[in-house]
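Since the structure of chain A is provided, determine the placement of chains B, C, D and E with the ligands on it from the hints.
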Amino acid sequence: MLDLTPDEWNAVRLSIKVGLWAMAASLPFGIAIALLLARGKFWGKSLLNGVVHLPLILPPVVTGYLLLLSFGRRGPIGSFLDEYFGIVFSFRWTGAALACAVMGFPLMVRAIRLSIEAVDRRLEAAAGTLGASPLWVFLTVTLPLILPGIVAGMILSFAKAMGEFGATITFVSNIPGETQTLPSAIYTFTQVPGGDAGAMRLTLISIAISMAALVVSEMFARRIGQRLDIG
Amino acid sequence: MLDLTPDEWNAVRLSIKVGLWAMAASLPFGIAIALLLARGKFWGKSLLNGVVHLPLILPPVVTGYLLLLSFGRRGPIGSFLDEYFGIVFSFRWTGAALACAVMGFPLMVRAIRLSIEAVDRRLEAAAGTLGASPLWVFLTVTLPLILPGIVAGMILSFAKAMGEFGATITFVSNIPGETQTLPSAIYTFTQVPGGDAGAMRLTLISIAISMAALVVSEMFARRIGQRLDIG
Amino acid sequence: RADGDVVVFAAASLKNALDAVDAAWKAESGKSATASYAASSALAKQIEEGAPADVFISADLDWMKYLADKKLIKDGSDVKLLGNRIVLVAPKDSAAKADIAANFDLAALLGDGRLAMGDVKAVPAGKYGKAALEKLGVWSSVEGKIAQAENVRAALKLVSTGEAPLGIVYQTDATAEPGVKVVGVFPEDSHPPIVYPVGVTADSKSADAAAYVKYLQSAKAKELFEAQGFTMLAPVVSN
Amino acid sequence: MTLSVAVHHRLGALDLETSFESAGHLTALFGPSGSGKTSLINIIAGLIRPDAGRIVIGDRTLVDTANRRFVPAYRRRVGFVFQDARLFPHLTVRSNLRYGRWFTPQGERYAEFDRVVEMLGIGHLLGRRPALLSGGEKQRVAIGRALLASPRLLLMDEPLASLDDARKAEIMPYLERLRDETRIPIVYVSHSIAEVARLATDVVVMAEGKVAASGPTTEIMQRLDLLPPEEVGEGGAVLDMKVLRHDEGFGMTVLGAAAGEMRVPRVALPEGAVVRVRVRARDVMIATERPQGLSALNILPSRIVDIGKVNGAQVDLRLDCHGDMLVSRITRQSLETLQLTVGRDVFAVIKTVAFDRANLSPGAPLVLTS
Amino acid sequence: MTLSVAVHHRLGALDLETSFESAGHLTALFGPSGSGKTSLINIIAGLIRPDAGRIVIGDRTLVDTANRRFVPAYRRRVGFVFQDARLFPHLTVRSNLRYGRWFTPQGERYAEFDRVVEMLGIGHLLGRRPALLSGGEKQRVAIGRALLASPRLLLMDEPLASLDDARKAEIMPYLERLRDETRIPIVYVSHSIAEVARLATDVVVMAEGKVAASGPTTEIMQRLDLLPPEEVGEGGAVLDMKVLRHDEGFGMTVLGAAAGEMRVPRVALPEGAVVRVRVRARDVMIATERPQGLSALNILPSRIVDIGKVNGAQVDLRLDCHGDMLVSRITRQSLETLQLTVGRDVFAVIKTVAFDRANLSPGAPLVLTS
Ligand SMILES: Nc1ncnc2c1ncn2[C@@H]1O[C@H](COP(=O)(O)OP(=O)(O)OP(=O)(O)O)[C@@H](O)[C@H]1O
Ligand SMILES: Nc1ncnc2c1ncn2[C@@H]1O[C@H](COP(=O)(O)OP(=O)(O)OP(=O)(O)O)[C@@H](O)[C@H]1O
Ligand SMILES: [Mg+2]
Ligand SMILES: [Mg+2]
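These protein sequences, in sequence, are chains A, B, C, D and E. For the first sequence, the residue numbers in this note's numbering are 1 to 231. For the second sequence, the residue numbers in this note's numbering are 232 to 462. For the third sequence, the residue numbers in this note's numbering are 463 to 701. For the fourth sequence, the residue numbers in this note's numbering are 702 to 1071. For the fifth sequence, the residue numbers in this note's numbering are 1072 to 1441.
Some hints could be false.
[Unchecked claim] Heads up, simulated BS3-like pairs for lysine-lysine below, C-alpha to C-alpha not over 30 angstroms straight-line: (1) 1239(E) with 1010(D); (2) 17(A) with 488(C); (3) 248(B) with 607(C); (4) 684(C) with 667(C); (5) 1239(E) with 911(D); (6) 493(C) with 17(A); (7) 276(B) with 17(A).
Because the hints were derived from the structure by calculation, they are not lab data.
If we strip away everything but chain A, and leave its shape as in the complex, we get:
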């Protein structure tokens, strides 16, 4: 069952890489935006909130097209990043990671935001009186307390990356070894006669990877939970 073709192995490796990068790269933004939405009071907060939710609301194909139009080689952001930073997304694995990150972003932000809103702000005040500046309060009190939300957000983002293909395939196509992630490969199998067995095989691999990630995250969360346990 595990006799995968080299292209399929590539897809597995790429999916993990893309999933991890999507998760890791979106984390700081996810935390920042979640903080803004949970704590901030500013004009346009509803707008920001809406924009964050867009990838959830839009059909993935539309998200993919919008990414293609803005981050593509000829898109305004894509060409800017390419010119000034040498970062290229179009038809690279980085683009797949970007697409997955974007698709998982609303999930990550929600999870983190829920945790932030549950933080007892009196603890932050206590840290302040002990001399911790807002940044230190965040690092030493808020961040540890919202770890459950961060873990949940990360696992949602990773799981989403393992299943996302609509936006990915639309944005960076389905090039084996470069942008062909597991779900894209699965999709391809479903498009041809006799592809079911192949699709099934890859699906099982995808599930196995995600389950492993889930189990690790649950163990981690349980650890945190025990520490925070309010006996």
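Same frame as chain A, but now just chains B, C, D and E with the ligands:
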């Protein structure tokens, strides 16, 4: 811009209906599963957790096929429900709602679960000493305290329903007036050269609906937040 | 993916055939092709946005024309490569029989079931199917009973699972799917010709792109394509 | 109702191994921080399931691990005032107070809403959310919430710790009434000897998870050795005396017991009522001749029956006043100067003002441990 | 260092309108539940931004709304012991205690970890998480956390309320040392007159958000009218006396002041040291002739200078003992029987054992309000 064809109006109405039903019908299950995962200690908890996450991990097309195989006219669950309860999903809007509910389920469960895990269990103990049985404790203490998570879960589920089409179209196809939701209609436009304008129009409508839902949910959440505010 | 490979953007339904052809080409010429399979629409828009594709194989003429109109296909490089047929299928245990001709009673055959086919606006097989039904004069009688799928494979699934009693799909799909049987074949003149065109993109810098397109029209390629049920529209060229 | 507790439970480093019986109406749990008081009442409430043991109250067996009996918390009808207030943050003060009522059978509701609210002085807070209350306000609402559930057993974990004395003085009489009239057994954790002496019929002294001593308050209070060094001054005898008459002119009440008559500030009780009087050891002076021209009004002839261990500059004497026992704390210097010995007849001198309200309470009918 | 507070802040129904100056080292905030004590120290800490006002400590202006000055909490270097402990649940006790150290410049760390841990008796808890601590343990860790931040201003909100007296007795001397040696100004909320009398150099009495009275402890303590009715017995004079000599034989110390000599239980201070002595009004008896054969050792000739308002059965007398002021609470009956009038020379009689450790503390060098 709003001169929609009757089919498009139907799609708008249907999307809202499907979204609301998906959200409402999955809510009790979402709460129950979240409770089980947050509080339960039983064999197979990891398995349950994995199954709940499946719709996130699997490409939507695969989820759609699985729904078709199990809830379809000849699927084991579908034929059972049809025979004994007269519930039919195939090619009905109910099937679209089922597909959306399933796709949004992991998001809903995660949000509610995070909130449950943040509940101060000492308050539940206090309610117990006042004579409230576990069910009453849940209804009068736990449930109000996890409302932020429930609201977040509902909005995620609804937003997902507004954007979901992969599983829906695979499961119940794309029948105008019956199963053609907004994202399916948008998809159709994206597949035709020159369909961009039409896709854009429907996309904006979809965004508008979701934003309205978001704003309402945020207002509601703020209300709850104020009540729970720990000054 | 080694640099220097020919990058082929091909409609997803070609995967089986094209993978075989690519393998043969590699065996013969030592050169590799990398294929990216997706919906023709997505591929066309990606090429429009500067995708590194050398060759585009579309599932219909519309998306090829879309690119050609934007001068994104090398002038004169496009070839009508493959053809296909659309057929009426039923679940393999179905007793349905049909003689597809003008005004044949499709509605009766469906009963209260639905006719699965690709999206009649978006999916090529759906468009062809609708054209055929219109030409045969039965469209109006079944218009309300269509279940439009995201793609022809999904339509096929609806039939193979028994969800829909009948469906219109490509012959290539029907012959390979054990869960369905072909009830009838639509006359070739009942719909616009089903064509898979191929072309070299205007931005292609690959020296081998032209050779690859040529190989697609070789005798070996023809054999492999036909093994998957396609018909070869382009005349065979020899290397 | 007899409360009988015998439990064993391991809590991290602490081995809770507690066994006591109390037939009193208000049992005080007394002991240093970390000695297991809260854990013990959590077990009585059913919030912790003990590793082993039995808890019986009256004829109800709440826990009996040997017979696998464990009545869940919500069926125990306990009113629990937690050390932290634990109010429901999503409910107003009014709803918090009313919470327990829903679950109390109509006929068993004895606590009156208005009465409790007035006593606790929380009428102006009813519409507020707990988050906006001050520490003492929270604690008062928590007391009200427990009382208004009309419990059949009241567990109070340092309920008055964050309250000012004026407020304490309003709540204590209510607890006394509860103890004496409704006969609801109360288990009361406190660090304050004054509270314990005033309210408790029985005292359980805990130390490191074990019961160091237990018994009726009158007995435990005389054992100054049991008290923490800082509190010995507060210890002393507890006498149950009868109201003989009131002296309205001077606003005083004359109490009588075997020891003789004692003048205390006016007590709002009818003649014949029983008053519990705490006579602090440090408030009792010794005179070898009847003092003249002294503002102290209570001069009781008595005999020295015991001279305790010397403790720094001080020493405790036990006095027999016609059968009633008093404890007096004096300096060693006085002991020597006045040549006090066991058997000598002396006068016990007690100022009337030594009796403030904290030392006088409507006497609890003392019930002996069965 | 002078602490000067003048703020106005609206809190729901409460109008906090507070203005006081205190040059003392330990300022006690005293007042009933809900009077705004916690809110006020929250404002001093910088956790609440007052609607208007000025807070100056020494030469640092912490808040001045007129000049839009507001030093954020984390720059104020306050140590805040909260009414609820507020420990960090994700950190061990050790990390909780060390938290403030990170943010204290090396040179300004005066609190020693081992010393504080030992004093608070929390050495065995260092590895635990706060969730598993008892109420008193939490509070002790909270005190330690605030102290170990080596603050320049210490705010304590009922820090000892949930502690037993033995533990209090260990912590109070530390606070005294802090007050006197490090000269860290302390603002201390308490309901306990004993604590206030012992620790405070200045007292601010609050009522319904306003300052009802403020001034040096010695003055405020003599104004029995300011005290809540339940606590008046605890009030009285506070004298600063000098250690004259020790009487090792009887374990006593002889103190001297203008009033004369007083014998108290042995004080661990060198001769010449100043001791603050609280003489409770209810511990002072009046004798018209020098008593004989009485166990009370301290008999001070004095003159009645004022007879206070009658309060039930009782009345308070102010006595002048050669310049030092004492307060005595006696019954109206005694007042009449002994024919006491203003100007009459009498003897103030005080038992030595009335002075327990709670009434004796190393004297705070009283600083007058500037
Ligand atoms: N944010 C707020 N909004 C409205 N009212 C408030 C707010 N914070 C405090 N209060 C009210 O202000 C009053 C003073 O509260 P504060 O906590 O300062 O009292 P306190 O003197 O510390 O009382 P305690 O001794 O009970 O702790 C209380 O009645 C409280 O309910
Ligand atoms: N779940 C637990 N695991 C480990 N240790 C615990 C647990 N619960 C309590 N303890 C420890 O058991 C001891 C007794 O705790 P408890 O709360 O009963 O004390 P207490 O007598 O109420 O003290 P206080 O007067 O300070 O409230 C404490 O040392 C506490 O740290
Ligand atoms: Mg406790
Ligand atoms: Mg307070």
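Hints, one by one, checked against the model:
1. Our distance criterion of 30 angstroms between C-alpha atoms is met by residue 1239(E) and residue 1010(D), whose separation comes to about 25 angstroms.
2. Only pairs whose Cα atoms come within 30 angstroms are accepted, and residue 17(A) paired with residue 488(C) is accepted, the gap being roughly 29 angstroms.
3. Distance check on the hinted pair: residue 248(B) and residue 607(C) sit about 22 angstroms apart at the alpha-carbon level, within 30 angstroms; holds.
4. Under the criterion of a C-alpha separation no larger than 30 angstroms, the hint pairing residue 684(C) with residue 667(C) is consistent with the structure, at around 26 angstroms.
5. The hinted pair formed by residue 1239(E) and residue 911(D) meets the criterion: a straight-line CA distance of about 22 angstroms does not exceed 30 angstroms.
6. Of the pairs offered as hints, the one joining residue 493(C) and residue 17(A) holds, with about 28 angstroms between alpha carbons and a cut-off of 30 angstroms not exceeded.
7. Of the supplied pair hints, the one linking residue 276(B) and residue 17(A) holds, its CA atoms being roughly 28 angstroms apart against a limit of 30 angstroms.
Hint compliance for this structure: no hint is broken.
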